[in-house]
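Undergrad: Listed here are the chains, written in short residue letters.
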Amino acid sequence: MATLRADFILPLRSFELELALEVDRTVALVGPSGAGKTSVLRAIAGLVRPPRGRIALGDDVWLDTARRLFRKPDERRVGLVFQEYALFPHLTVRQNVAYAGRERADEYLERFRISHLADARPAALSGGERQRVAVARALARGPGVILLDEPLSALDAHTKGAVRAELQELLQELALPTILVTHDFEDAAALADLVGVIVDGHLRQFATPSELVDRPTDAFVASFTGANLLRGKARRLDDDMTVVQLETGELVYSTEWGEGDVGVVIYPWEVSIGRLQQHDSAMNLIQGEIRSVAALGNRVRVRIGPITAEVTASSADKLELARGGTAFASFKATGTRLVPLA
Amino acid sequence: MRKALLALLYFLAAVVALAFLALPIVAIFVHVPPGRLIDQLSNPVVTDALIVSFKTTLIAQAFILLFGTPTAYLLASRRFPGRSLCVTLVELPLVLPPAVAGIGLLAAFGRFGLLGSSLSAAGITIPFTQTAVTIAVAFVASPLYIRQAIAAFETIDPNLVAASRTLGAGPARTFFRVILPLSRGGLAAGEALAFARGLGEFGATIMFAGSLQKVTQTLPLAIYAEFEVNFDVTLAISALLVLISAAVLISLKLTSLWQPSEQISSSRFARLSWS
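Quick note, the sequences are listed as chains A and B, same order. Position one of the first sequence corresponds to residue 11 (this note's numbering), numbered consecutively onward. Position one of the second sequence corresponds to residue 854 (this note's numbering), numbered consecutively onward.
Hints should not be assumed to be uniformly reliable.
[What the hints assert, rightly or not] The calculated label-pair distances, taken between Cβ atoms and stated as ranges, are:
hint, chain 1, residue 1, chain 2, residue 2, range
1, B, T941, A, K82, 55 to 65 Å
2, B, E944, A, E26, 48 to 58 Å
3, A, R59, B, R1026, 34 to 44 Å
4, A, R59, B, E944, 28 to 38 Å
5, A, R246, B, R932, 25 to 35 Å
6, B, R1026, A, V303, 51 to 61 Å
7, A, R112, B, L911, 28 to 38 Å
Honestly, the hints are just simulated from the structure, not real lab data. Everything numeric in this text was worked out from a predicted model, so none of it was measured. Ideal Cβ placement from N, Cα and C applies to all residues, glycine included.
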């Protein structure tokens, strides 16, 4: 299988997108909106022309500004699935899928279980069905690269889980270089082997989803992966321990090294909750008002003072957590990460 | 009590306005019995004018479509310096007094005009020929089509065009399979308006092409020419033009229903705003 190599500069409205990527499996690009994620896909598809750079799939060069080479979108083997799917409204499902190639349209209709919708127009389809049509249409082109722009964002929460599982299976089976743009870390973690975090046009971090959780390089990546981020001033205690005075006054101990303005990163699942002050091995204890209790399937997210904790539904019941009460959040010094703050 | 009075005022105003608008049209049809109107249509003045009108209007429409469509697409899809100037230029003939348009055409294509002198050196004379009628019609009618076509093209989601390209279709295939079908309602509406405007063209034509029966005398010019000769003929032509205009208007209303109902966006309303 060919590897997609993209290395280019593209001026956007308020900043310059600068990116070097090597993709041979599924890579997710995550980041806040307006970070330039979609522009990456558009540049690879040939819909915009970077003034400098090189894009190639294996030996097939699509862009090489040094050689003044630019291949038009229809001359690149890309399967681009647009954010709102961009299905042709005046064509039926079959005509949409057959747009790139008539021969295999029926095969793809069957494969994506949309044969029964073949004569329907896109407006008559549900969100999940539209997504399947869009993916089928892109694959019927016989692409060497798959580009997915927010493939799940147009779906409601109920549909999303099932569609994500389907997509996961499909990407595994296709084994093509794939770039997936999303603003949802969970989707990225579920679908991609590697995650690239793009902020203001630059790749802040490029790592596996679990590395991103374990070792966020900065505050943005940490909060993006769903971690707590507490601001404070760090001071070395001794060789093994740093103490951070939070902006809210509490002291937090960390086994990480840090100095000056830092962010303390704690994942919600590293935090335990108690109604009484406990004495266990956790060095950090923060007392606070219970500000919210939200059920997420079999887990419950509880916000205590500045910290979000995640506990099982049964322990939430047992602790009788309710808004307005007081609780203690405790976490180990080894469960914290320190990231420098600007 | 005051509310009832207000409602009555609205009602009366509407009755007066509608009667005012309908009266001249009704008058055309009831002034002489319908049988006599139909008889007049076989008058050679009428048949000649009908042929001249349709021939020139149809040729002008062909040129308007051929040149206007790409122009409108360019103006709708590209952003370049001077674009608004180009759009204004397209719209100018719409507000220009027809007599001025006629003088302008004479100044351009007349024997001593801007292009006319080189044309007459090549042995081509345009003023007071059927070509002149076609040019006058194209000049006054094309802005209606181009404006409407720009609006129709602008409502197309650029992502659909991009999708077509990434699916392997070149610019030409994208134009004919995506852009044209999605804008057909707006284009047809613009075309109908341009056709109606072209058929009714009077001022520029009479100045630039004259009113010569069988050659440059169109239906509106025949009305003017026959006015003092045979009033029944002018009524017959007028009735004919009323019917054609009504047919155009009705077909225009039908094209709005004919818009693809599968359109996801709400643009079908936007593309009808041709006023």
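Undergrad: Give a verdict on every hint.
TA: Outcome of the hint check:
Between T941 (chain B) and K82 (chain A) the CB atoms are about 33 Å apart, so this pair departs from the stated range of 55 to 65 Å. Checking the proposed 48 to 58 Å range against E944 (chain B) and E26 (chain A) shows it is violated: the Cβ atoms sit about 38 Å from each other. Between R59 (chain A) and R1026 (chain B) the C-beta distance comes to about 21 Å, which lies outside the given range of 34 to 44 Å. Judged by the Cβ atoms, the range 28 to 38 Å given for R59 (chain A) and E944 (chain B) holds: they are separated by roughly 32 Å.
At roughly 57 Å, the beta carbons of R246 (chain A) and R932 (chain B) sit outside the given window of 25 to 35 Å. Under the hint 51 to 61 Å, the C-beta atoms of R1026 (chain B) and V303 (chain A), about 57 Å apart, fit the expected range. The hinted window of 28 to 38 Å between R112 (chain A) and L911 (chain B) holds, with their beta carbons roughly 37 Å apart.
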